[in-house]
Structures are given as structure tokens and as C-alpha cells.
Amino acid sequence: MISFIRIDDRMIHGQTVTRWSIEYPCDGLIAVNDAAASNPVLKQAYKSASTKKTFVWTFEHFQEVQEKVLNSKDNYFLITKNPLDMKKILVDMGFKPGVNRVIVGPCNDRPGTTKLGNNQSITQEEAQAFEDITNTGYTVEFALVKEKSIGEWPKFRGQFGF
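So the sequence shown is numbered by numbering that gives the first Met the number 0: it starts at 0 and just counts up by one.
Rather than coming from a laboratory, the hints here were simulated on the basis of the structure.
Mixed in with the good hints there might be a few duds.
In silico lysine-lysine, DSSO-like type, Cα no more than 30 angstroms apart, as pairs [claimed, not checked]:
id	residue 1	residue 2
1	K72	K154
2	K51	K147
3	K145	K87
4	K52	K147
5	K51	K95
6	K51	K67
7	K67	K42
8	K72	K51
9	K154	K114
10	K80	K154
11	K87	K114
12	K145	K80
13	K72	K46
14	K80	K95
15	K80	K67
16	K95	K154
17	K145	K52
18	K145	K42
19	K67	K147
20	K42	K72
21	K145	K51
22	K114	K80
23	K67	K114
24	K52	K72
25	K87	K51
26	K114	K72
27	K52	K114
28	K114	K147
Values in this document were obtained by computation on a predicted structure and should not be read as measured data.
Could you put together the complete structure from these sequences and hints?
Encoded structure:
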């Protein structure tokens, strides 16, 4: 089953594994990213970042095993590198994890982004993904760590014309 959903441009790192697993029960991590899953060196680096069961899957593989994940007795974090990938899972694929909160972690400053908070900047395309995720019934919250939340998507959506 899925116990936590996160978007984090670093995907798997110590903060995800240690800090967030205190807040939410976690037996393992599932990162969905075609580039990482298709690169053996990168895939191994992500898997080595955790002592928990860690999977780095392509979207295609995730789609094949999504029911097995939902029916598992183990609790997994579902992580993508960016909002577009999470939108693909939650909206386009229609995956229903039984968790309705998406926590957005680091989204580095890049050209063409709007800064929402410390280390949290998004593009118009990413804003549309958050809008679509929200319209599908999810709450999107921006928080590097739980106690440092800067707010939920409705607080920021006006900056993007929604």
C-alpha cells in the first residue's frame, strides 16, 4: 500500500528516508522515473541511498505492478522527481493510492520558474500539473519537512493564472 506521496527533485535521499518516515509508516520506497530506472548507475545510487526496500521503476513497469503495490501489506512511499511525472501517475494513469495528500519537496530554481519558497520554484507547466492533480481530488502541500510547510496549492495558484 502507499502511505506517503512525494515530489522531490532529488527523489531518494536521507531526508526522505529518515525524516518523512518518522511522520508516515514506511517499509520501502518506490521511485518512478524513466531516466533513473533506465540508467544502471543512477538506479543503483538511488537504491543505495536507503536501508529500506527501494525500487526505481519506469512508468511502464509501475503501471504493470500498481495493483500489486496497492495490495501489498507493506507501506511504500511513492516518489517522483517532478510534478509532471506525478500527474502522469495520479491523473493520466488514474492511479488511486488511497492517500489524498501530495507533499512537494525541493524544486530547484531554474530558468522560467516562479519562486514559491526556499528551494521551491515551479514552471507554468508544473503549475498546470498541480492544478490537474488538485482537480482530481488531491491536496498538494509544499513542505521540505513537515514543520516547514509553506502552504497548499490554493495559496499559490493565482500566481499562475488559475
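Okay, the hints, checked on the actual structure:
1. K72 / K154: Violated - the C-alpha atoms of K154 and K72 are around 36 angstroms apart, more than 30 angstroms.
2. K51 / K147: Cα-Cα ~25 angstroms, so holds.
3. K145 / K87: 25 angstroms, holds
4. K52 / K147: 27 angstroms, holds
5. K51 / K95: This hinted pair holds, its Cα atoms lying about 23 angstroms apart.
6. K51 / K67: 18 angstroms, holds
7. K67 / K42: 21 angstroms, holds
8. K72 / K51: Status holds; Cα separation ~15 angstroms.
9. K154 / K114: 13 angstroms, holds
10. K80 / K154: With a Cα-Cα distance of about 22 angstroms, the restraint between K80 and K154 holds, given a limit of 30 angstroms.
11. K87 / K114: Judged against 30 angstroms, a Cα distance of about 23 angstroms means the pair holds.
12. K145 / K80: 19 angstroms, holds
13. K72 / K46: 21 angstroms, holds
14. K80 / K95: Since the Cα atoms of K80 and K95 sit roughly 19 angstroms apart, the hinted pair holds (cutoff 30 angstroms).
15. K80 / K67: 22 angstroms, holds
16. K95 / K154: 25 angstroms, holds
17. K145 / K52: Answer holds: K145 to K52 is near 23 angstroms, not above 30 angstroms.
18. K145 / K42: Cα-Cα ~27 angstroms, so holds.
19. K67 / K147: Violated: K67 and K147 sit about 33 angstroms apart, past 30 angstroms.
20. K42 / K72: Between K42 and K72 the Cα gap is close to 25 angstroms, so the pair holds against 30 angstroms.
21. K145 / K51: 21 angstroms, holds
22. K114 / K80: 18 angstroms, holds
23. K67 / K114: 38 angstroms, violated
24. K52 / K72: Measuring from Cα to Cα gives roughly 13 angstroms; hence the hint holds.
25. K87 / K51: Since the Cα atoms of K87 and K51 sit roughly 25 angstroms apart, the hinted pair holds (cutoff 30 angstroms).
26. K114 / K72: Not satisfied, since the Cα-Cα distance of roughly 39 angstroms exceeds 30 angstroms.
27. K52 / K114: 34 angstroms, violated
28. K114 / K147: 16 angstroms, holds
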